[in-house]
Amino acid sequence: MRRFQLWAGTALVGLVVLAALLSLVWTPYDPVQVVPADRLLGPSLAHPLGTDGFGIDILSRLLVGARSALLVGVVSVGLAAVVGVPLGVLAGMRGGWVSELVMRISDIVFAFPALLLAILLAAVYGGSTATAMVAIGISTIPAFARTSRAGTLEVMAEDYVLAARASGTSAPTTAIRHVLPNIVQFIGVQASVGFATAVLAEAALSYLGLGTPRAVPTWGGMLRDSQDTLFTAPLQALWPGLAIACAVLGFNLLGDGLRDALDPRLREAK
Amino acid sequence: MSLSVRDLSVAFGRRAPAVESVGFELADGERLGVIGESGSGKSVTSLALMGLLPEYARVTGSVSLDGQELLGLGDRELSKLRGEKMSMVFQEPMTALDPTMRVGRQIAEAYRLHHPRSGAAAREQVETVLDKVGFTDARRVSLSYPHELSGGQRQRVLLAMAVVNKPGLIIFDEPTTALDVLVQAEVLQLIDATLTATGASALFISHNIAVVSQVCTRAVVMRGGRIVEDGPIAELFEHPKHPYTRALVEAAAHE
Ligand SMILES: Nc1ncnc2c1ncn2[C@@H]1O[C@H](COP(=O)(O)OP(=O)(O)OP(=O)(O)O)[C@@H](O)[C@H]1O
Ligand SMILES: [Mg+2]
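Protein chains in written order, with the working numbering: chain A, 1 to 270; chain B, 1 to 255.
Honestly, the hints are just simulated from the structure, not real lab data. The reader is advised that the hints may include incorrect statements.
The following residues of chain B were derived to be distant from chain A, with all beta-carbon distances above 10 angstroms [to be verified]:
no., residue
1, T95
2, S150
3, G152
Computed spacing ranges between beta-carbons, pair by pair [stated by the list, open to error]:
no., chain 1, residue 1, chain 2, residue 2, range
4, B, R246, A, R3, 25 to 31 angstroms
5, B, A16, A, R3, 18 to 24 angstroms
6, B, A120, A, T173, 44 to 50 angstroms
7, B, D66, A, A171, 20 to 26 angstroms
8, A, P213, B, F12, 42 to 48 angstroms
9, A, L101, B, R76, 21 to 27 angstroms
10, A, L101, B, G13, 16 to 22 angstroms
11, A, W7, B, D180, 55 to 61 angstroms
12, A, A245, B, T128, 56 to 62 angstroms
13, A, A8, B, D180, 43 to 49 angstroms
14, A, A150, B, R140, 35 to 41 angstroms
15, A, R3, B, R140, 45 to 51 angstroms
16, A, P213, B, P116, 49 to 55 angstroms
The beta carbon of each residue, even a glycine, is placed where N, CA and C say it ideally should be.
Here chain A stands alone, though its shape is the one from the complex (with noise of 0.2 angstroms):
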């Protein structure tokens, strides 16, 4: 079960980074050329998954979206992480006023809604990926702040953490070599968990209008598009439906199948 779940989410997570790089090189058909003769044709040889409302080929616009589902997710976990695992360790390694502060910013910000947080944003620079990487990374930082406090005073109840300090480790040395080695694990899931929530956030603000512009290929944007002709073509909405269903579960299932598989106390029961 353990393996299965590393696996499969292995494979539908690299099913995505494919169809991001594959979109760098190829696509089947231009993803933003408007081809008003093409519009709405079903499934076919030509257009596998059929076109849209544009006539744009949707397999063409699927993989390009692949590539933005993907730039969101690195580039708001790794904010939300550059920024929430220092905290966390921080709050972790000194406790006290230190930690309480830490954690009430934390509460804060996860009380507050990355939506309203991406509105605010957008309002205020426009809506643009930008914006939304900026929304969902701000708004996952508590998650990581969290996670690595966690784990940090977990670490910290450790006699190598007292043996390393014991040799004169500073306390900013042990956090980076002796910490942060530890936590990582911990670390890893919450990237992949936050992978999967910052692909659906990217694709709910771009349904919004409030991501990425309408002409760049998204898939959010795809859905919200999909909406005038929901009724004659159906299909039209599954395809990205499916797309982002795919990417949030294998990220789930690359979180859990990792933490399971980085568990020391379950791998050393192997």
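Following the hints, complete the assembly by docking chain B with the ligands onto the known chain A.
Structure of chain B with the ligands alone, referenced to chain A:
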């Protein structure tokens, strides 16, 4: 190095103090045993000396190492002293080594902290010090991860890590409690030999008076955070003044 502890008290939050008015003197090269049951405050005392208690611990009194007051020093100053002037060996060899790092690297890092830019010399030091603690295959051991070593081997690695910078004071917190009897005797002998060779002063903590007597000639007896009796161990064995000491001596006789 000489150590002078006066009126040392440690309290956590609003609870009754875990250590209260503890005081003792340790001359250069001398070894002092600290005996007491579980929860008597032995570990808290040793961590207080090292400045390694969590921030919420309230520590008062005086700890001076070769005349330098340690209480109140910041982490930066203490980090310079730890490892270099004083070090510590912990009770649980299973958990006192970082599972993500090869043991040779852990010893090398401990050395490099006080010998920056030592490069290849650090690697040499690792093998020398592993030799000294009785490994005949120092290179192989240094490339092992902690989980690949036995408890006794790990405790010897920890001893190597504690002595690699030749500190003048070493604190042993129940270094053999987690080991089986044969390995325990071996490690005790090794500790004794190492201390003799380096001339370091030592604080040797154990709940077992018989174990302490193999390394030290003088000991203090702790109970409930206080020192209830001190003197030469032979004296404690033969004429225990405090009923608690008597109980400890009887317990050791049974073990
Ligand atoms: N970090 C801490 N926070 C709060 N209380 C603590 C902390 N560390 C120790 N104590 C308390 O201090 C008392 C003394 O503990 P200590 O670890 O010094 O005992 P010990 O003599 O070393 O026992 P053992 O033989 O089991 O190691 C205990 O009552 C313990 O609950
Ligand atoms: Mg103890």
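Verification of the supplied hints:
{"no.": "1", "hint": "T95", "in the structure": "violated (4 angstroms)"}
{"no.": "2", "hint": "S150", "in the structure": "holds (16 angstroms)"}
{"no.": "3", "hint": "G152", "in the structure": "holds (17 angstroms)"}
{"no.": "4", "hint": "B/R246 to A/R3: 25 to 31 angstroms", "in the structure": "violated (60 angstroms)"}
{"no.": "5", "hint": "B/A16 to A/R3: 18 to 24 angstroms", "in the structure": "violated (52 angstroms)"}
{"no.": "6", "hint": "B/A120 to A/T173: 44 to 50 angstroms", "in the structure": "violated (21 angstroms)"}
{"no.": "7", "hint": "B/D66 to A/A171: 20 to 26 angstroms", "in the structure": "holds (25 angstroms)"}
{"no.": "8", "hint": "A/P213 to B/F12: 42 to 48 angstroms", "in the structure": "violated (58 angstroms)"}
{"no.": "9", "hint": "A/L101 to B/R76: 21 to 27 angstroms", "in the structure": "holds (23 angstroms)"}
{"no.": "10", "hint": "A/L101 to B/G13: 16 to 22 angstroms", "in the structure": "holds (20 angstroms)"}
{"no.": "11", "hint": "A/W7 to B/D180: 55 to 61 angstroms", "in the structure": "violated (42 angstroms)"}
{"no.": "12", "hint": "A/A245 to B/T128: 56 to 62 angstroms", "in the structure": "holds (60 angstroms)"}
{"no.": "13", "hint": "A/A8 to B/D180: 43 to 49 angstroms", "in the structure": "holds (45 angstroms)"}
{"no.": "14", "hint": "A/A150 to B/R140: 35 to 41 angstroms", "in the structure": "holds (37 angstroms)"}
{"no.": "15", "hint": "A/R3 to B/R140: 45 to 51 angstroms", "in the structure": "violated (33 angstroms)"}
{"no.": "16", "hint": "A/P213 to B/P116: 49 to 55 angstroms", "in the structure": "holds (53 angstroms)"}
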